[in-house]
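Peer 1: What follows is each chain in one-letter form.
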Amino acid sequence: NAGVTQTPKFRILKIGQSMTLQCTQDMNHNYMYWYRQDPGMGLKLIYYSVGAGITDKGEVPNGYNVSRSTTEDFPLRLELAAPSQTSVYFCASSYRETQYFGPGTRLLVL
Amino acid sequence: LAKTTQPISMDSYEGQEVNITCSHNNIATNDYITWYQQFPSQGPRFIIQGYKTKVTNEVASLFIPADRKSSTLSLPRVSLSDTAVYYCLVGLILTGGGNKLTFGTGTQLKVEL
Chain A
10 NAGVTQTPKF RILKIGQSMT LQCTQDMNHN YMYWYRQDPG MGLKLIYYSV GAGITDKGEV
70 PNGYNVSRST TEDFPLRLEL AAPSQTSVYF CASSYRETQY FGPGTRLLVL
Chain B
50 LAKTTQPISM DSYEGQEVNI TCSHNNIATN DYITWYQQFP SQGPRFIIQG YKTKVTNEVA
110 SLFIPADRKS STLSLPRVSL SDTAVYYCLV GLILTGGGNK LTFGTGTQLK VEL
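Chain order of the listed sequences is A and B. Following our numbering, the numbering of the first sequence begins with 10 at its first residue and continues without gaps. Following our numbering, the numbering of the second sequence begins with 50 at its first residue and continues without gaps.
Warning: the hint list may mix true and false statements.
Quick list of in silico lysine to any residue cross-link-like pairs, SDA-like style, CA-CA up to 20 Å [as the list claims (entries may be wrong)]:
#1 Lys53(A) / Arg117(B)
#2 Lys103(B) / Ser130(B)
#3 Lys159(B) / Lys18(A)
#4 Lys52(B) / Leu119(A)
#5 Lys18(A) / Leu119(A)
#6 Lys101(B) / Arg117(B)
Think of the hints as simulated: they come from the structure by calculation, not from any bench. Small disclaimer: the values here were computed from a predicted structure and weren't measured.
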């Protein structure tokens, strides 16, 4: 199993541009999550999904959108990139108590 | 969601036992206590989880007193490779295999020779 994979690994965006961060898991987990981690800080939950077609907001959802059309995929969309969205983004899936994290996407908005 | 408080940093030497304590005064009845480890440029990795008393696995032990307002992660005989940030989380285990957890700023553990 590849676990949780994320693409791209690194991206530079200009202010106002849009992009989609991809996340795929091959463990057949119902729950998936998106977090952001700013330097020296803990992770903050952006959105999560309890299954295909069902998503809900986390702590910091403003400026982001998600969709969940399949069990495997949970893309995160940034519509109008802002410098405040410069961060490392982690996707995760879970089975009961354990969350499995992807390697992260480092995003720089200039 | 219950807020957690843990030391910002700790230092230790190889071979010593390290205990990291986390306080969670407003933990709810249905909340579980979970610890994660994070190395630089990687996603967090699950270490251990418990509800009450003591839990032990191959890498750590978790001690939870009866009032559940705090918990202690114990790492036996640490090595240099245990240098990482350790997060204490408190939250629900949701029906269907999910959980709703809040990450704090974590404890930076530095292990030296």
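Peer 1: If a hint holds in the structure, say so; if it doesn't, say that too.
Peer 2: Taking the hints in turn, this is what the structure says about them:
With a C-alpha separation of about 24 Å, the suggested pair Lys53(A) and Arg117(B) falls outside the 20 Å cut-off, and the hint is violated. Distance restraint check for Lys103(B) and Ser130(B): the Cα-Cα separation of roughly 25 Å exceeds the 20 Å cut-off, and the hinted pair is therefore not satisfied. For the suggested pair Lys159(B) and Lys18(A), the alpha carbons sit about 27 Å apart, so the restraint of at most 20 Å is broken. Distance restraint check for Lys52(B) and Leu119(A): the Cα-Cα separation of roughly 33 Å exceeds the 20 Å cut-off, and the hinted pair is therefore not satisfied.
This hinted pair checks out: Lys18(A) and Leu119(A) have alpha carbons roughly 17 Å apart, not beyond 20 Å. Between Lys101(B) and Arg117(B) the alpha-carbon distance is near 7 Å, which keeps this suggested pair within the 20 Å criterion.
The structure shown violates the earlier hints numbered 1, 2, 3, 4.
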